[in-house]
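Novice: Produce the entire structure from the sequences given, and follow the hints as far as they go.
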Amino acid sequence: MIRTLLALNGALIRGALAFVLTTQEDIEVVAEVDRAEDIGAAMRMQRPDVAVADVKFFGAGALANGIAPSEPPPVLVLVDPRRPRVLGNALRLHCQRLGFLGSDVAPERVIEAVRRLACGGSVVDADLVVAALSRDHPLTEREVEVLEIAAEGWPVVEIASKLSLSAGTVRNHLSRIVGKTGARTRIEAIRIARERGWI
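Counting from 1, one number per residue, gives the positions in the sequence shown under this note's numbering.
Read the hints as simulated data drawn from the structure, not as lab findings. Among the clues, some could well be false.
Label-pair ranges, simulated between beta-carbon atoms [said to hold, decoys possible]: (1) GLY120 x THR185: 42 to 50 Å; (2) GLU108 x ALA167: 46 to 54 Å; (3) CYS119 x SER164: 32 to 40 Å; (4) SER164 x GLU25: 31 to 39 Å; (5) GLY10 x ILE187: 41 to 49 Å; (6) ARG109 x THR185: 21 to 29 Å; (7) PRO107 x SER175: 39 to 47 Å; (8) HIS137 x GLU25: 42 to 50 Å; (9) ARG191 x GLY120: 25 to 33 Å; (10) ARG196 x ASN9: 34 to 42 Å; (11) ALA16 x ARG44: 20 to 28 Å; (12) ARG44 x SER122: 39 to 47 Å; (13) SER175 x VAL105: 35 to 43 Å.
Computed from a predicted structure; not experimentally measured. For glycine and all other residues, C-beta sits at the position ideal for the given N, C-alpha and C.
Specialist: Quick look at the structure:
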């Protein structure tokens, strides 16, 4: 039996995938979480063989910090195909036990990927990876991290704390981001970056 953890935003999507997976005789969903900070505890408690996670949990290294076990299971990362460049955050973890699929794939492909990862195989959507590695936007890696956290609604002080930066440095990053995106405000910069797949 392949013990599987789901780390996905949205109860409807998570529940639907859980239902699909549990219809398989060889797959059991042992935990469901919707916050990156809950992943480590769920993994320590349930010891899944495979995790399926939204790429958003990799923002600013969130999943890397959330996984506490010394031997974390392989993770199938689901990526919005309209925003493949956010996959870069996951790729920068240099983890050998990650698989990547578009979040719009047929359920059968997720089932196949879970089985493949559980057996030590690899899962890579080549188109996603190529798009993620082609950097044709003006933001630096640090600016992307700052903007991703800002997009979650955190104030400057919290962004600074999460990234171990000073509040002044975060303000400077945000100011440069606004300028580089051609926006007038931080909110507009977030919208532009999302539309163009930069975050």
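Novice: Taking 31 to 39 Å as the stated bounds, is the beta-carbon spacing between SER164 and GLU25 within them?
Specialist: With Cβ atoms ~46 Å apart, the hint is violated.
Novice: Is the hinted range of 21 to 29 Å satisfied by the C-beta distance from ARG109 to THR185?
Specialist: violated, 39 Å
Novice: For CYS119 and SER164, compare the CB-CB distance with the range 32 to 40 Å and indicate the outcome.
Specialist: Holds, at about 38 Å.
Novice: Indicate whether the distance between the beta carbons of GLY10 and ILE187 respects the range 41 to 49 Å.
Specialist: With Cβ atoms ~22 Å apart, the hint is violated.
Novice: Quick check on a hinted range of 39 to 47 Å for ARG44 and SER122, using CB atoms only.
Specialist: violated, 25 Å
Novice: Should the hint that PRO107 and SER175 are 39 to 47 Å apart at their CB atoms be regarded as holding?
Specialist: holds, 44 Å
Novice: Verify the CB-CB distance for GLY120 and THR185 against the hinted window 42 to 50 Å.
Specialist: holds, 48 Å
Novice: Using the C-beta atoms of ARG196 and ASN9, is the stated range 34 to 42 Å upheld?
Specialist: violated, 21 Å
Novice: Measuring from beta carbon to beta carbon, are GLU108 and ALA167 in 46 to 54 Å?
Specialist: Cβ of GLU108 to Cβ of ALA167: about 48 Å, so the range 46 to 54 Å holds.
Novice: Quick check: does the Cβ-Cβ distance between SER175 and VAL105 fall within 35 to 43 Å?
Specialist: holds, 39 Å
Novice: How does the Cβ-Cβ distance of ARG191 and GLY120 compare with 25 to 33 Å: does it lie in that range?
Specialist: Violated, at about 41 Å.
Novice: Starting from the hint 20 to 28 Å, judge whether the C-beta atoms of ALA16 and ARG44 obey it.
Specialist: holds, 26 Å
When held up to the earlier numbered hints, the structure conflicts with 4, 5, 6, 9, 10 and 12 and fits the remainder.
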